[in-house]
Amino acid sequence: MPEVVLIFTGVVVFAQMYGLGTRQEVGSIRALLSDTSLLFRSLISVLVVMPLATLVIMFLLPVRPEVALGLAILAAAPGAPLTTRRSEAAAADFNYVASLQLLLALLAVVYTPFVLFLFSHLPQVAATPVSLDTVAAQVGLVTFLPAVLGWASARAVPRLRNRHNKVVAIVSKGLYLLFLAALLAALALLPDLRQSLAIGWTTAFSVVILCAVALASGYTLGGPVRSKRAGLAIATIARNIGLSLYIAEQSELSYPAIPTILLFALIGVCMALPASVVFKRFLGGT
Numbered sequence: 000m001p002e003v004v005l006i007f008t009g010v011v012v013f014a015q016m017y018g019l020g021t022r023q024e025v026g027s028i029r030a031l032l033s034d035t036s037l038l039f040r041s042l043i044s045v046l047v048v049m050p051l052a053t054l055v056i057m058f059l060l061p062v063r064p065e066v067a068l069g070l071a072i073l074a075a076a077p078g079a080p081l082t083t084r085r086s087e088a089a090a091a092d093f094n095y096v097a098s099l100q101l102l103l104a105l106l107a108v109v110y111t112p113f114v115l116f117l118f119s120h121l122p123q124v125a126a127t128p129v130s131l132d133t134v135a136a137q138v139g140l141v142t143f144l145p146a147v148l149g150w151a152s153a154r155a156v157p158r159l160r161n162r163h164n165k166v167v168a169i170v171s172k173g174l175y176l177l178f179l180a181a182l183l184a185a186l187a188l189l190p191d192l193r194q195s196l197a198i199g200w201t202t203a204f205s206v207v208i209l210c211a212v213a214l215a216s217g218y219t220l221g222g223p224v225r226s227k228r229a230g231l232a233i234a235t236i237a238r239n240i241g242l243s244l245y246i247a248e249q250s251e252l253s254y255p256a257i258p259t260i261l262l263f264a265l266i267g268v269c270m271a272l273p274a275s276v277v278f279k280r281f282l283g284g285t
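Residue numbers (numbering that gives the first Met the number 0): 0 to 285.
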C-alpha cells in the first residue's frame with residue numbers, strides 16, 4: 000500500500016475524531032458515566048456482543064482467513080466518527096450517542112489491540128497485521144489524541160467555539176468526502192480491486208448477519224427510553240471504517256482484509272439507513 004494512502008487515511012480519521020472532541024459537552028458524558036446501568040449495557044453491546052458474534056460466525060461459517068481478519072479488525076474498531084450524524088436520522092438521543100462515541104474512541108487505545116490479540120490466536124484468522132503495541136500507538140495517535148485536542152481547543156476560547164466547530168466540521172466532512180471519492184475512483188480504475196470485492200455469498204451473508212446482530216443487540220440493550228435504544232443500535236453497527244482501513248494498511252499481510260472492511264461499510268450503511276427511518280417514523284425519539 001502506498002505510504003501516501005496510509006498517511007491520508009490517518010489524516011481523515013484524525014480530523015473526524017478532532018471534530019468529535021469539539022462537539023462534546025462536558026455534562027453529557029458525565030451523565031452517561033453516572034448512569035451505570037445504561038453505561039454497562041452500552042459497553043456490552045458495542046464491545047462484547049460484536050466480537051462474540053464475529054467469533055460465532057467464524058466457527059459456524061466457512062469464511063476465508065483474510066475475511067476473518069477483516070471481521071476481526073471491524074470488531075476491534077468501535078466508535079465511528081459519523082455515529083452522531085447517523086443517530087440524528089434515527090431520532091436518537093444526541094447527547095447520549097455523542098458521549099458514548101467519545102468514550103469508545105478513548106477506550107479504543109486499549110480495546111482495539113486487546114481484541115486483535117485475542118483473535119490472532121484463532122486458526123481461522125490470517126496473520127495479525129502488525130505488532131499489538133504498534134496498533135495501540137497508532138490508535139492513540141489517530142483517535143485518542145485528536146479527540147482530546149478537539150475537546151480542549153474548543154474550550155480554550157469559548158467565544159470562538161461555535162465558529163471553530165463549524166470550520167472543523169467543514170474540513171472533517173470535506174476530507175471524508177474526498178476519501179470516499181478516492182475509494183470510488185479506485186473502484187472505477189482498478190479492476191483488481193473490483194474483483195477482490197466479489198468475495199462470495201458466504202462473506203456477504205456473514206456481514207449481513209453481523210450487522211443484524213448489531214442492530215438487534217443495541218436496540219434490545221438500550222433500555223426503556225426509545226431514543227437511547229435507537230442510538231445504541233446505530234452506535235453498535237457503526238464500526239470505525241477509517242480506523243479499520245488504517246490498521247489493515249499497516250502491513251502487506253493484512254491488505255487482503257480490506258475488501259471485507261469495504262463490504263461491511265457498504266452493507267452496514269444499507270442496513271442502518273432503513274433501520275434509522277423505522278426508528279424515527281414508528282418508534283419516535285422519546
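One or more hints might be untrue.
Here are the simulated distance ranges between beta carbons [stated by the list, open to error]:
(1) Ser119 - Ile208: 17 to 27 Å
(2) Arg63 - Leu265: 11 to 21 Å
(3) Leu32 - Glu251: 39 to 49 Å
(4) Leu117 - Phe39: 12 to 22 Å
(5) His120 - Leu60: 11 to 21 Å
The set of hints was computed from the structure by calculation and includes no laboratory data. In this text the structure is predicted, and so the values were computed from the model without any measurement. Glycine included, every Cβ here is placed at the ideal spot set by N, Cα and C.
Hint check:
The hinted window of 17 to 27 Å between Ser119 and Ile208 holds, with their beta carbons roughly 23 Å apart. For Arg63 and Leu265, the hinted distance range of 11 to 21 Å is satisfied, since their beta carbons lie about 19 Å from each other. Checked against the hint of 39 to 49 Å, the C-beta distance between Leu32 and Glu251 comes to roughly 41 Å, which is consistent with it. In this structure the supplied range 12 to 22 Å holds for Leu117 paired with Phe39, their Cβ-Cβ distance being about 21 Å.
Our hint of 11 to 21 Å for His120 and Leu60 holds, since their Cβ atoms are close to 19 Å apart.
The structure fails none of the hints (numbered hints given earlier).
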